[in-house]
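Chemist: Sequence:
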Amino acid sequence: MIFSSDNWAGAHPAIAESLVANAQGYASAYGTSELDRRVEQRFSEIFERDVAVFFVGTGTAANSLALSSANRAGGIAFCHREAHVNVDECGAPEFFSHGARLCPVEGARGRMEPAKLEAEIRRFPRENVHGGQPMAVTLTQATESGAVYSLDQIETIGSIARSHKLPLHMDGARFANALVSLGTTPAEMTWKRGVDLLSFGGTKNGCWCAEALVLFDLSKAQEMHFLRKRSAQLFSKSRFVAAQFDAYLAGDLWLDLARHANAMAQRLADGITASAGSRLAWAPDANEVFVVLKREAAGRLQRQGALFYDWEVPHDLEGSLAEDEGLYRLVTSFATRAEDVDRFVAAC
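Numbered as in full-length UniProt numbering, the sequence shown ends at 348 without a single skipped number.
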């Protein structure tokens with residue numbers, strides 16, 4: 001009953017096999033191999049246009065490089081107040097951009113409210129040198145609260161960013177889970193809605209260590225080569241990242257893995273809804289389930305072998321829990337088994 005994080009799950013067998021297969025022989029280094037090029041072309045096919053792809057080792061690296069590429073003197077990037085870039089990356093976006101700031105924006109379930117985003121951007125008029133200048137907007141898909149921005153919501157955020165001449169970045173650590181939740185295409189969920197840069201996550205969905213920064217504006221690619229090298233994210237044996245993505249994207253494996261994770265989350269949510277001893281904090285959109293439990297009950301479940309995290313109550317829900325209750329996050333993955341979900345529900 002391991003629901004701590006999708007980061008806890010191992011690598012899918014097909015991805016592990018691809019790593020072994022590509023470990024043989026020689027291949028040119030630093031992203032120049034035939035395999036690297038083939039996988040980059042596959043990304044262009046998936047997104048229905050030519051894209052620039054930069055392999056990196058972590059989502060934090062992808063997010064930080066994306067924002068650093070948009071940096072300006074006194075730069076300010078706008079994100080949800082509970083976004084991963086704001087609360088879980090140890091200041092890496094600020095560090096890599098040499099001092100840019102993150103401006104938090106409110107919104108329920110991790111989604112920025114458009115009106116509040118607009119208001120925050122307007123607080124920093126470009127003519128006011130003392131306040132700094134807006135440089136980017138970044139949204140998380142799916143959010144830290146397990147919600148998914150609809151296509152219309154992404155387009156609205158994109159329109160606001162464009163009206164202020166700001167690039168829009170999407171943190172897609174759980175990109176595949178959000179994509180299958182919406183039943184749409186990668187192109188429709190990104191550049192067709194105004195996204196300029198994408199952190200494309202694979203690690204949470206069956207890869208070993210594979211993340212990519214995808215640029216939809218090819219004119220920005222040359223500078224990104226230097227930013228990636230300077231950040232120590234240019235791997236000499238990059239074929240081992242490419243090998244993972246090669247298997248991940250083949251035959252839509254990445255989408256199948258995400259569908260399974262989402263289905264297990266829905267199975268978990270349905271069981272919790274039917275349980276007398278627990279309740280959903282809100283319905284899941286992807287593969288994260290948030291449940292309200294009595295603290296005593298949570299401790300009992302953990303003693304029985306269930307692993308999950310205590311979760312800080314979002315600001316928009318402060319005061320909604322009883323004194324003896326806590327909020328807990330459960331995450332499913334490609335490796336989650338239906339019988340483990342059912343065991344947890346029965347224990348509840």
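Any given hint might turn out to be false.
As the list claims (entries may be wrong) - Using C-beta positions, here's what the derived DEER-type ranges look like:
id, residue 1, residue 2, range
1, Gly305, Cys90, 48 to 54 Å
2, Ala346, Cys90, 18 to 24 Å
3, Gly251, Ala322, 45 to 51 Å
4, Val129, Gln304, 56 to 62 Å
5, Gln302, Cys90, 23 to 29 Å
6, Asn7, Ser231, 20 to 26 Å
7, Asp270, Ala322, 39 to 45 Å
8, His315, Ser159, 21 to 27 Å
9, Arg38, Asp256, 27 to 33 Å
10, Ala250, Gln24, 26 to 32 Å
11, Arg337, Ala187, 29 to 35 Å
As the list claims (entries may be wrong) - Distance condition first, Cα-Cα at most 16 Å in a straight line; then the derived EDC-like pairs of lysine to aspartate or glutamate:
id, residue 1, residue 2
12, Lys116, Asp252
13, Lys294, Asp316
14, Lys165, Asp217
15, Lys294, Glu325
16, Lys192, Asp217
17, Lys294, Glu312
18, Lys220, Asp50
19, Lys192, Asp324
20, Lys192, Glu155
21, Lys192, Glu48
22, Lys294, Asp310
23, Lys165, Glu127
24, Lys165, Glu120
25, Lys192, Asp310
26, Lys165, Glu118
27, Lys294, Glu323
28, Lys165, Glu155
29, Lys116, Glu106
30, Lys237, Glu34
31, Lys192, Asp152
None of these hints come from the bench; they were simulated from the model. Glycine included, every Cβ here is placed at the ideal spot set by N, Cα and C.
Chemist: Taking the hints in turn, state whether each one holds.
Modeler: Hint-by-hint comparison with the structure:
1. Gly305 / Cys90: 48 to 54 Å: violated (31 Å)
2. Ala346 / Cys90: 18 to 24 Å: At roughly 39 Å between Cβ atoms, Cys90 and Ala346 fall outside 18 to 24 Å, so the hint is violated.
3. Gly251 / Ala322: 45 to 51 Å: holds (48 Å)
4. Val129 / Gln304: 56 to 62 Å: Given about 59 Å between the Cβ atoms, the range holds.
5. Gln302 / Cys90: 23 to 29 Å: Since Gln302 and Cys90 have Cβ atoms about 27 Å apart, the given range 23 to 29 Å holds.
6. Asn7 / Ser231: 20 to 26 Å: holds (21 Å)
7. Asp270 / Ala322: 39 to 45 Å: violated (24 Å)
8. His315 / Ser159: 21 to 27 Å: Hint holds: Cβ distance 26 Å, inside 21 to 27 Å.
9. Arg38 / Asp256: 27 to 33 Å: violated (21 Å)
10. Ala250 / Gln24: 26 to 32 Å: With a Cβ separation near 19 Å, Ala250 and Gln24 fall outside 26 to 32 Å, so the hint is violated.
11. Arg337 / Ala187: 29 to 35 Å: holds (33 Å)
12. Lys116 / Asp252: violated (37 Å)
13. Lys294 / Asp316: violated (21 Å)
14. Lys165 / Asp217: holds (14 Å)
15. Lys294 / Glu325: Holds: Lys294 and Glu325 sit about 4 Å apart, inside 16 Å.
16. Lys192 / Asp217: holds (13 Å)
17. Lys294 / Glu312: holds (15 Å)
18. Lys220 / Asp50: holds (13 Å)
19. Lys192 / Asp324: Outside the cut-off at roughly 46 Å; violated.
20. Lys192 / Glu155: holds (8 Å)
21. Lys192 / Glu48: holds (10 Å)
22. Lys294 / Asp310: The hint holds at about 12 Å.
23. Lys165 / Glu127: holds (15 Å)
24. Lys165 / Glu120: Answer holds: Lys165 to Glu120 is near 15 Å, not above 16 Å.
25. Lys192 / Asp310: Violated, because 37 Å separates the two Cα atoms, which is more than 16 Å.
26. Lys165 / Glu118: Cα-Cα ~13 Å, so holds.
27. Lys294 / Glu323: holds (9 Å)
28. Lys165 / Glu155: Within the cut-off at roughly 15 Å; holds.
29. Lys116 / Glu106: Given pair Lys116, Glu106 holds - Cα atoms ~7 Å apart, limit 16 Å.
30. Lys237 / Glu34: holds (12 Å)
31. Lys192 / Asp152: Holds, because 11 Å separates the two Cα atoms, which is no more than 16 Å.
Hint violations for this structure: numbers 1, 2, 7, 9, 10, 12, 13, 19, 25, all remaining hints satisfied.
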